[in-house]
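Chains H and E supply the protein sequences, listed in that same order.
The working numbering puts the first sequence at residues 1 to 508.
The working numbering puts the second sequence at residues 1 to 392.
These aren't lab readings, by the way, just hints derived from the structure by calculation.
Please read all numbers here as calculations on a predicted model, not as lab measurements.
Fair warning: there could be bad hints in the mix.
Beta-carbon label-pair distances, calculated as ranges [stated by the list, open to error]: (1) E:124 - H:90: 26 to 32 Å; (2) E:125 - H:62: 44 to 50 Å; (3) E:206 - H:175: 57 to 63 Å.
Backbone N, C-alpha and C define an ideal beta-carbon position, used for all residues, glycine too.
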Amino acid sequence: MSENILEMRSITKTFPGVKALEDVTLNVKRGEIHAICGENGAGKSTLMKVLSGVYPHGTYTGDIYFDGQIESFGSINDSEERGIVIIHQELALVPFLSVAENIFLGNEQKTNGLIDWHKTNAEAAKLLARVGLDENPVTPVGQLGVGKQQLIEIAKALSKRVKLLILDEPTAALNDQDSAHLLDLIRHLKGQGITCIMISHKLNEIVDIADSTTIIRDGLTIETLHMDESVTQDHIIRGMVGRSLENRYPDHSPTIGEEIFSIKDWTVYHPTQQDRVIVDNAALNVRRGEIVGIAGLMGAGRTELAMSVFGRSYGSKITGQVAMHGKPVQLKQVADAINAGIAYVSEDRKHYGLNLIQDIKTNTTSAALGKISKRGMVNANEELKVAEDYRRQLRTKTPNVHALVGKLSGGNQQKVVLSKWMFTDPELLILDEPTRGIDVGAKYEIYTIINALADQGKAVLVISSELPELLGICDRIYTLSAGRITGCIDRDDATQENLMELMTKVKD
Amino acid sequence: MSETSGLVSLLTRNLRQSGIYIAFAAIVILFTILTGGTLLQPNNLTNLVLQYSYILILAIGMVIVIIAGHIDLSVGSVVALTGAVAAVLIQTHGMPWWVGVAAALATGILIGAWHGYWVAFVGIPAFITTLAGMLLFRGLTLLVLQNISISVYDQSYKNIAGGFLNGLLGGNGYDAFTLIVFAIGAAAFAVMQWRSRQARIAYQQTVESMPLFIAKIAAVAVITMAFAWQIAHARGLPIVLIILAILIVTYSVVTQRTVFGRHVYAIGGNLAAAQLSGVKVKWVNFFIFVNMSFLAAVAGVVFSSRSGGAQPAAGNMFELDAIAACFIGGAAVTGGIGTVIGAMVGGLIMGVMSNGMSILGIDQSVQQIVKGLILLLAVAFDVYNKRRAGTR
Numbered sequence: 001m002s003e004n005i006l007e008m009r010s011i012t013k014t015f016p017g018v019k020a021l022e023d024v025t026l027n028v029k030r031g032e033i034h035a036i037c038g039e040n041g042a043g044k045s046t047l048m049k050v051l052s053g054v055y056p057h058g059t060y061t062g063d064i065y066f067d068g069q070i071e072s073f074g075s076i077n078d079s080e081e082r083g084i085v086i087i088h089q090e091l092a093l094v095p096f097l098s099v100a101e102n103i104f105l106g107n108e109q110k111t112n113g114l115i116d117w118h119k120t121n122a123e124a125a126k127l128l129a130r131v132g133l134d135e136n137p138v139t140p141v142g143q144l145g146v147g148k149q150q151l152i153e154i155a156k157a158l159s160k161r162v163k164l165l166i167l168d169e170p171t172a173a174l175n176d177q178d179s180a181h182l183l184d185l186i187r188h189l190k191g192q193g194i195t196c197i198m199i200s201h202k203l204n205e206i207v208d209i210a211d212s213t214t215i216i217r218d219g220l221t222i223e224t225l226h227m228d229e230s231v232t233q234d235h236i237i238r239g240m241v242g243r244s245l246e247n248r249y250p251d252h253s254p255t256i257g258e259e260i261f262s263i264k265d266w267t268v269y270h271p272t273q274q275d276r277v278i279v280d281n282a283a284l285n286v287r288r289g290e291i292v293g294i295a296g297l298m299g300a301g302r303t304e305l306a307m308s309v310f311g312r313s314y315g316s317k318i319t320g321q322v323a324m325h326g327k328p329v330q331l332k333q334v335a336d337a338i339n340a341g342i343a344y345v346s347e348d349r350k351h352y353g354l355n356l357i358q359d360i361k362t363n364t365t366s367a368a369l370g371k372i373s374k375r376g377m378v379n380a381n382e383e384l385k386v387a388e389d390y391r392r393q394l395r396t397k398t399p400n401v402h403a404l405v406g407k408l409s410g411g412n413q414q415k416v417v418l419s420k421w422m423f424t425d426p427e428l429l430i431l432d433e434p435t436r437g438i439d440v441g442a443k444y445e446i447y448t449i450i451n452a453l454a455d456q457g458k459a460v461l462v463i464s465s466e467l468p469e470l471l472g473i474c475d476r477i478y479t480l481s482a483g484r485i486t487g488c489i490d491r492d493d494a495t496q497e498n499l500m501e502l503m504t505k506v507k508d
Numbered sequence: 001m002s003e004t005s006g007l008v009s010l011l012t013r014n015l016r017q018s019g020i021y022i023a024f025a026a027i028v029i030l031f032t033i034l035t036g037g038t039l040l041q042p043n044n045l046t047n048l049v050l051q052y053s054y055i056l057i058l059a060i061g062m063v064i065v066i067i068a069g070h071i072d073l074s075v076g077s078v079v080a081l082t083g084a085v086a087a088v089l090i091q092t093h094g095m096p097w098w099v100g101v102a103a104a105l106a107t108g109i110l111i112g113a114w115h116g117y118w119v120a121f122v123g124i125p126a127f128i129t130t131l132a133g134m135l136l137f138r139g140l141t142l143l144v145l146q147n148i149s150i151s152v153y154d155q156s157y158k159n160i161a162g163g164f165l166n167g168l169l170g171g172n173g174y175d176a177f178t179l180i181v182f183a184i185g186a187a188a189f190a191v192m193q194w195r196s197r198q199a200r201i202a203y204q205q206t207v208e209s210m211p212l213f214i215a216k217i218a219a220v221a222v223i224t225m226a227f228a229w230q231i232a233h234a235r236g237l238p239i240v241l242i243i244l245a246i247l248i249v250t251y252s253v254v255t256q257r258t259v260f261g262r263h264v265y266a267i268g269g270n271l272a273a274a275q276l277s278g279v280k281v282k283w284v285n286f287f288i289f290v291n292m293s294f295l296a297a298v299a300g301v302v303f304s305s306r307s308g309g310a311q312p313a314a315g316n317m318f319e320l321d322a323i324a325a326c327f328i329g330g331a332a333v334t335g336g337i338g339t340v341i342g343a344m345v346g347g348l349i350m351g352v353m354s355n356g357m358s359i360l361g362i363d364q365s366v367q368q369i370v371k372g373l374i375l376l377l378a379v380a381f382d383v384y385n386k387r388r389a390g391t392r
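Please take these sequences and the hints and turn them into a complete structure.
In structure tokens:
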């Protein structure tokens, strides 16, 4: 038997127009804990989907050797058969089924074709003991917390005789105590000979637990580190972000005026798990003509912060103050926020921004219909004129504004969303991932629009996962880590390294 | 520069809509031939309008409910209850006919507020709320009628569905008044189209070429006047037809031209996006249900007036006919798509087919089977279209 349980050799995976992985190599030693690090969108999840057969053999190039044998997985079932189990960040448990039923879902314990409940519950109890979870196997999963659900996922993996366990951001949703317990369990499983791949943004955990770390950036393997005393978090951060800023951003010299928007002591709890803090005592402000960025890793609470401000569209037990021009405002519903001059452009334009089955003009006016109507009647001709104006102004590529939004490209859809919110004539625009899923050329155009908005005297708040983007367009950047604002850096002082350090900073 | 567009683009711009008109024309022609022309006979046309009026009135409200992504199963029971309220007040308590009508409409609005409260503010799915309403209001109907039918002898009340406006200008074997009303209607349509065309040109929008524009107006005018000619030779202008026309025009404007209408489409098309655009989703949903039951009350009055009273089983299965009319008329099962005019044509397709098959002496059982298949095919066509559009 070779030393490596897994070798992925020159894996290349392309999506239409994008190379997600290019010649990636990953070697995992038998019985180790192997961490994979990289920025959002670096290709970590894609690599794991290739490994687990979500992207079947043939849709990528390169070879996978597992346990000394070349593999061509056609589906998740194939990889599970060989002992590779992946636990996703969003847990895949059925809340109304019991712990035992969830563990054996798809692998039911049967006698003569009927489910053997004694066996199911007894086996489940044994597995629960292995993961150190003291719960009755007949308890519905929905009654347990996220930390315990994570352990049930691992118990489920163990029931499949797992050899290689892949954990995608296992501690992202856990509190410190549950995280510590989970990491202990991973070490314990290692002692039982189970190899583990862990994707994580929490660098302190990686330094603490991993035997090796592979760093991926822009779909390329940067390096694999052997984790001894000499490897520091700084070393990993350099590997994750080490990229030069090209001239992908239009030049812009801001004219910054008085403060337009500010929040203070802003605290938001999870909508259903009401003891989980999502945004913790945040304070920030944006001035006229200024483009301010919010940097944070997945799960840091960026979108949640923005949506909770925007008419309490997210969260529960929201406390704190919002002020426009220094005057406190109450934003109890979205209409209040729009009236106060706030616009929120969602990160997910298909689900939260657009009505895909309607045309461009209808979408353009949908957040400010009052401006083109009298006594409740919409002036269709005025609407056409408005939509045409924005089409020309933003150079949306479409024959006319009667085209259905669902048929436009990502960049053009984003322009329609921007038109929609520009038409509400806001003073503050919150742009959540304004260039996600957009090709490079269109990105440049969007940046130009953002600059133009700032020059018109609007305050702009940009949320982005891409640090180069924030460094390229923002005048000032706040960093957010686990719901807390951990820093605010001016454009001239900001580097990817110092941002990443603040973004991964944990509570002292 | 304004541009003009040709016939092909007019038809293909919205295949979903024009498809239904073509299907309707084909069915009318088919049954006219099969029945040897009886379908379009003056008396039969009048009957068709009278028989299907209440389904069409229900379909107007139902299409709005469906566009918003809901459903209302209770309308049959609401028809029964509101009709019963009117009949009991007029016949048993000797009230004037208009008191009965007002009470029926008020009952409808209250029922709508009840449904709207549960759907919009409590968050019970409309399917459950209105399924409960279907049982609840049928039960209340039985209670109000004490399980027996009531006949109303008030002629004014019976005229709502059975009356005709004619003889006002004297008869020469046909009713001149009917022709004049329809001529005014056709002229108004032409003027509105012309003004809208002028406005579009002023805003530099694409319009149809002038010959095509005139041909369109002329076609509508000819069909309208031919229909008017036929019913003028029967009993004249049915009052129900006037009620129906007012409702269709009003609700077409409400759905296409008002902020409320826009919000209905926005909610059905993408609920989350509508919420984040500041649409007050709860109130819009509430009023959708108030409106639905109000229209069900209108249909209830028309139905009880036509049947000369109230029966415990009145309006049974009407909800299904109304829902079928909407889907045949191009409304999307997933919400966000549909028009009042489409629902009317969908209802008329079913009406013409039932009527045509009855003339041909085809058994009820076969009629049901055909109706079922038509509904299935119409939605299958819709799904097919969407899939084709999606892969493009």
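Structure-based check of each hint:
1. E:124 - H:90: 26 to 32 Å: 28 Å, holds
2. E:125 - H:62: 44 to 50 Å: Holds, since residue 125 of chain E and residue 62 of chain H (Cβ atoms, about 48 Å apart) stay within the stated range.
3. E:206 - H:175: 57 to 63 Å: 60 Å, holds
Going through the hint list in order, the structure satisfies each hint without exception.
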